[in-house]
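Here are the chains, one letter per residue:
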Amino acid sequence: MNMLEICHISKRFGDKQVLRDVDFTVPEHAVYGFVGQNGAGKTTTMKLVLGLLAADSGEILVNGEKVSFGENPVNRYIGYLPDVPEFYPYMTAAEYLNFCGAITGMDLQECKKRTEEMLALVGLAGEKHRIRGFSRGMKQRLGIAQALLNRPKLLICDEPTSALDPVGRKEILDILVSAKEQTTVLFSTHILSDVEKICEQFAFLHEGKILRQGSMEEMRKSCGQAGFEIELEREQDAAKLLRQFPEGIQRGGAYVYYEPGKGQQMEAVLAWILGEGMRIRKAEKCGLTLEALFMEVVGK
Amino acid sequence: MKTGIAFWKKEWMDLVRSGKAFLLLLISAVFGVMNPAIAKLTPWLMEIMSESLQETGLRVTEVEVDALTSWAQFYKNMPMELLVVVLLLCGIFVQEYQRGTLVLALTKGLSRRSVYLAKTLMCVLTWSMCFWMSFFITWMYNSYYWDDGIISNLWTAAVLFWLFGIWIFLAMVFFSAVAKEIFGVLAGTGMVLLISYVAGMFPKIQNYLPTKLLEAQTLLTESAVPEDFYPAVITAVLLAAAAGLTGMIVFERKRI
Ligand SMILES: Nc1ncnc2c1ncn2[C@@H]1O[C@H](COP(=O)(O)OP(=O)(O)OP(=O)(O)O)[C@@H](O)[C@H]1O
Ligand SMILES: [Mg+2]
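So the sequences go chain by chain: E and A.
The opening residue of the first sequence carries number 1 in our numbering; numbering runs sequentially from there.
The opening residue of the second sequence carries number 1 in our numbering; numbering runs sequentially from there.
If you're looking for bench data, these hints aren't it; they were derived computationally from the structure.
This structure is a prediction, so every number in the text was calculated from the model and none was measured.
Hints should not be assumed to be uniformly reliable.
List of simulated lysine-lysine pairs, DSSO-like, C-alpha gap at most 30 Å [said to hold, decoys possible]:
| # | chain 1 | residue 1 | chain 2 | residue 2 |
| --- | --- | --- | --- | --- |
| 1 | A | 9 | E | 112 |
| 2 | E | 240 | E | 285 |
| 3 | E | 112 | E | 16 |
| 4 | A | 2 | E | 112 |
| 5 | E | 209 | A | 254 |
| 6 | A | 254 | E | 16 |
| 7 | E | 112 | A | 20 |
| 8 | E | 180 | E | 139 |
| 9 | A | 2 | E | 139 |
| 10 | E | 128 | E | 112 |
| 11 | A | 9 | E | 128 |
| 12 | A | 20 | A | 204 |
| 13 | E | 153 | A | 2 |
| 14 | E | 197 | E | 285 |
| 15 | A | 9 | E | 153 |
| 16 | A | 254 | E | 66 |
| 17 | E | 66 | A | 180 |
| 18 | A | 9 | E | 139 |
| 19 | A | 40 | E | 139 |
| 20 | A | 180 | E | 16 |
| 21 | E | 170 | E | 197 |
| 22 | E | 139 | A | 254 |
| 23 | A | 2 | E | 113 |
| 24 | A | 20 | E | 66 |
| 25 | E | 153 | A | 254 |
| 26 | A | 9 | A | 254 |
| 27 | A | 254 | A | 2 |
Each pair of labels, with its calculated beta carbon distance range [claimed, not checked]:
| # | chain 1 | residue 1 | chain 2 | residue 2 | range |
| --- | --- | --- | --- | --- | --- |
| 28 | A | 79 | E | 109 | 43 to 51 Å |
| 29 | A | 79 | E | 120 | 33 to 41 Å |
| 30 | A | 100 | E | 71 | 13 to 21 Å |
| 31 | E | 136 | A | 250 | 27 to 35 Å |
| 32 | A | 100 | E | 167 | 22 to 30 Å |
| 33 | A | 125 | E | 58 | 25 to 33 Å |
| 34 | A | 19 | E | 120 | 41 to 49 Å |
| 35 | E | 110 | A | 255 | 31 to 39 Å |
| 36 | A | 255 | E | 136 | 22 to 30 Å |
| 37 | E | 249 | A | 255 | 36 to 44 Å |
| 38 | A | 1 | E | 177 | 34 to 42 Å |
| 39 | E | 129 | A | 183 | 48 to 56 Å |
| 40 | A | 100 | E | 109 | 29 to 37 Å |
Glycine included, C-beta positions come from ideal geometry on N, C-alpha and C.
With the hints as extra help, turn the sequences into a complete structure.
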């Protein structure tokens, strides 16, 4: 079953066409990566799903129900983390989560229990201060806690990791992955490695159009064999290597790149290098990454 | 309903923790005490003044103060209190639009109607509490110091002025649903007040305008009878209800 269906959505602001015929579906229990550059229209798409903006054409279904602009009852299925979440500054984190529980009709006992669970999950358990004094990262964590609080069927996160340090980023990605048991996750980002790490499916949005979408597996398969690159310590060694395996391309100094599909196996080349007693600085398999694909699709 | 009450509790927390609740209580108390105090001090002030006036040759006759002097002060000061309460509450919607705090509540499925009603109720209650607190304080002092028996229609006059405040607040709520900034809210509310005021210059419709309610104090001395105010009461109630309802419709389709 599809948790979210976006059918041929278009949206313009004034004379600016922001979304053109955007069309994709997110199946239940998926972690779906929504990738695009700044200004591609990711946030706009999400706001359309939440009924915060009105689409010019097309329709959106969440859990099989149609989204309407303004008063949007479908929102009860959704947990949303905006790109810059804003809270009431005079509350503490726990008070805010209790408030969120109460306005979604949770009973008091359940609300208290969930609040504690969520605060522990995002690492804000001991935080007694008011939100007024929170850092951006702390707000982002609280944002995730409030989005997950009432066990939404669809979790929409707008760049959930953008304000976080590397450790925090990993924590949040882990939370998103573990959330997938109970919910469906749609998250936007421009950090492609995050998508590679946790998403089964993705869509590329570029200038308001979906340029590519599909599962990560298909993407990896379609990209075929990987090339590799080797960086040696000394330049003369690189020259020797190229004499032995002339398919390589020298890219400045002791840096040699072998394109995929030219018949050279990385293992064979490395074995020869070790046999010669050369020193290696770096050896890396360059799978066709999402980044490379993105660059190709975007045409840069 | 339950979820609406939860949101309404948040409004209280906002009022208390922002310090506005304290300020409102203080102001209402001051406005309540001020009226009898001014009345009480008038003779004394006159005496001091008369000494200096005598030198210029003017004679000041003894001034008589009674409950009426104090109530006259009350009706003179209440528009000021109304203005202060409006200024303290005019951001109740707009501030949330600008901060973006409503987004999270609404995207959880809290109905917009609940939000709107909670905030409207908040305005109505706050105004009522402030007004009646000032009223009771003035009333207590007045009946302690003077004979309240000379006052006619004491309660009717108070209810009329209170109703005027309700009308203003519903206009404010309506413009809060329409506008995006504080300026829009204040300009809209001010404009409505101005229109009613200017229209009052035409004697034919004068009695039908909500601003007529500002003359409630004429009831105290029986220079007017309650019946004179009935048309104005009806328009004020109808306009307030219409503002409240259309505001709700606008709010349900507002881009937040
Ligand atoms: N309220 C608005 N009025 C006019 N234009 C808008 C509005 N909101 C967004 N836009 C425009 O729509 C385009 C897409 O914006 P959007 O916020 O959806 O991008 P995004 O993909 O989320 O970018 P980012 O990665 O920077 O968050 C931008 O060019 C922006 O200028
Ligand atoms: Mg964005």
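Against the structure, the hints:
Between residue 9 of chain A and residue 112 of chain E the alpha-carbon distance is near 17 Å, which keeps this suggested pair within the 30 Å criterion. Using a Cα cut-off of 30 Å, the hinted pair residue 240 of chain E and residue 285 of chain E holds, with the two alpha carbons roughly 21 Å apart. A C-alpha spacing of about 46 Å is found between residue 112 of chain E and residue 16 of chain E, which places the hinted pair above 30 Å, so the restraint is violated. With a C-alpha separation of about 17 Å, the suggested pair residue 2 of chain A and residue 112 of chain E falls inside the 30 Å cut-off, and the hint holds.
For the hint linking residue 209 of chain E to residue 254 of chain A, the alpha-carbon distance of about 27 Å falls within 30 Å, and the restraint holds. Straight-line distance between C-alpha atoms of residue 254 of chain A and residue 16 of chain E comes to about 21 Å, which keeps the hinted pair within the 30 Å bound. Distance check on the hinted pair: residue 112 of chain E and residue 20 of chain A sit about 29 Å apart at the alpha-carbon level, within 30 Å; holds. For a cut-off of 30 Å, the pair hint linking residue 180 of chain E to residue 139 of chain E stands: about 22 Å separates their Cα positions.
As the CA atoms of residue 2 of chain A and residue 139 of chain E are separated by approximately 27 Å, the hinted pair is consistent with the 30 Å bound. Taken as a hint, the residue 128 of chain E and residue 112 of chain E pair is honoured in the structure, with Cα atoms around 15 Å apart against an allowance of 30 Å. Restraint check for residue 9 of chain A and residue 128 of chain E: satisfied, since their Cα atoms lie roughly 21 Å apart, inside the 30 Å limit. Distance restraint check for residue 20 of chain A and residue 204 of chain A: the Cα-Cα separation of roughly 42 Å exceeds the 30 Å cut-off, and the hinted pair is therefore not satisfied.
Between residue 153 of chain E and residue 2 of chain A the alpha-carbon distance is near 22 Å, which keeps this suggested pair within the 30 Å criterion. A distance of roughly 17 Å separates the Cα atoms of residue 197 of chain E and residue 285 of chain E; the hinted pair therefore holds under the 30 Å criterion. The straight-line distance between the Cα atoms of residue 9 of chain A and residue 153 of chain E is roughly 27 Å, inside the 30 Å bound, and the hint therefore holds. About 19 Å separates the Cα atoms of residue 254 of chain A and residue 66 of chain E, which keeps this hinted pair within 30 Å; it holds.
Of the pairs offered as hints, the one joining residue 66 of chain E and residue 180 of chain A holds, with about 28 Å between alpha carbons and a cut-off of 30 Å not exceeded. Simply put, residue 9 of chain A and residue 139 of chain E have alpha-carbon atoms about 23 Å apart, close enough for the 30 Å limit, and the pair holds. Restraint check: the Cα-Cα separation between residue 40 of chain A and residue 139 of chain E comes to about 55 Å, which exceeds 30 Å; the hinted pair is violated. The suggested pairing of residue 180 of chain A with residue 16 of chain E holds, with an alpha-carbon distance near 22 Å, which does not exceed 30 Å.
Taken as a hint, the residue 170 of chain E and residue 197 of chain E pair is honoured in the structure, with Cα atoms around 10 Å apart against an allowance of 30 Å. Among the hinted pairs, residue 139 of chain E with residue 254 of chain A is consistent with the structure: their alpha-carbon atoms are about 26 Å apart, no more than 30 Å. Restraint check for residue 2 of chain A and residue 113 of chain E: the C-alpha separation of about 19 Å stays at or below 30 Å, so the hint holds. Note on residue 20 of chain A and residue 66 of chain E: the hinted pairing is violated, with a Cα-Cα distance of about 41 Å set against a maximum of 30 Å.
Of the pairs offered as hints, the one joining residue 153 of chain E and residue 254 of chain A holds, with about 26 Å between alpha carbons and a cut-off of 30 Å not exceeded. Under the criterion of a C-alpha separation no larger than 30 Å, the hint pairing residue 9 of chain A with residue 254 of chain A is consistent with the structure, at around 23 Å. A distance of roughly 23 Å separates the Cα atoms of residue 254 of chain A and residue 2 of chain A; the hinted pair therefore holds under the 30 Å criterion. A C-beta distance of roughly 49 Å is found between residue 79 of chain A and residue 109 of chain E, which places it inside the suggested range of 43 to 51 Å.
For residue 79 of chain A paired with residue 120 of chain E, a C-beta distance near 53 Å fails the hint of 33 to 41 Å. The supplied range of 13 to 21 Å is met by residue 100 of chain A and residue 71 of chain E, whose beta-carbon atoms lie about 18 Å from each other. Distance hint check for residue 136 of chain E and residue 250 of chain A: the Cβ-Cβ separation is about 34 Å, which falls inside the suggested range of 27 to 35 Å. About 28 Å separates the C-beta atoms of residue 100 of chain A and residue 167 of chain E, a value consistent with the hinted range of 22 to 30 Å.
Take residue 125 of chain A and residue 58 of chain E: their Cβ atoms lie about 43 Å apart, and the range 25 to 33 Å is violated. The hint said 41 to 49 Å for the Cβ distance between residue 19 of chain A and residue 120 of chain E, and at roughly 33 Å that hint is violated. At roughly 33 Å, the beta carbons of residue 110 of chain E and residue 255 of chain A sit within the given window of 31 to 39 Å. Between residue 255 of chain A and residue 136 of chain E the Cβ separation comes to about 25 Å, which falls inside the hinted range of 22 to 30 Å.
Between residue 249 of chain E and residue 255 of chain A the Cβ separation comes to about 54 Å, which falls outside the hinted range of 36 to 44 Å. A hinted range of 34 to 42 Å for the beta carbons of residue 1 of chain A and residue 177 of chain E is consistent with their spacing of about 38 Å. Taking 48 to 56 Å as the suggested C-beta distance range, the pair residue 129 of chain E and residue 183 of chain A does not conform, at roughly 33 Å. For the pair residue 100 of chain A and residue 109 of chain E, the supplied restraint of 29 to 37 Å holds, since their beta-carbon distance comes to about 31 Å.
Hints 3, 12, 19, 24, 29, 33, 34, 37, 39 from the earlier list are contradicted by this structure; the remaining hints agree with it.
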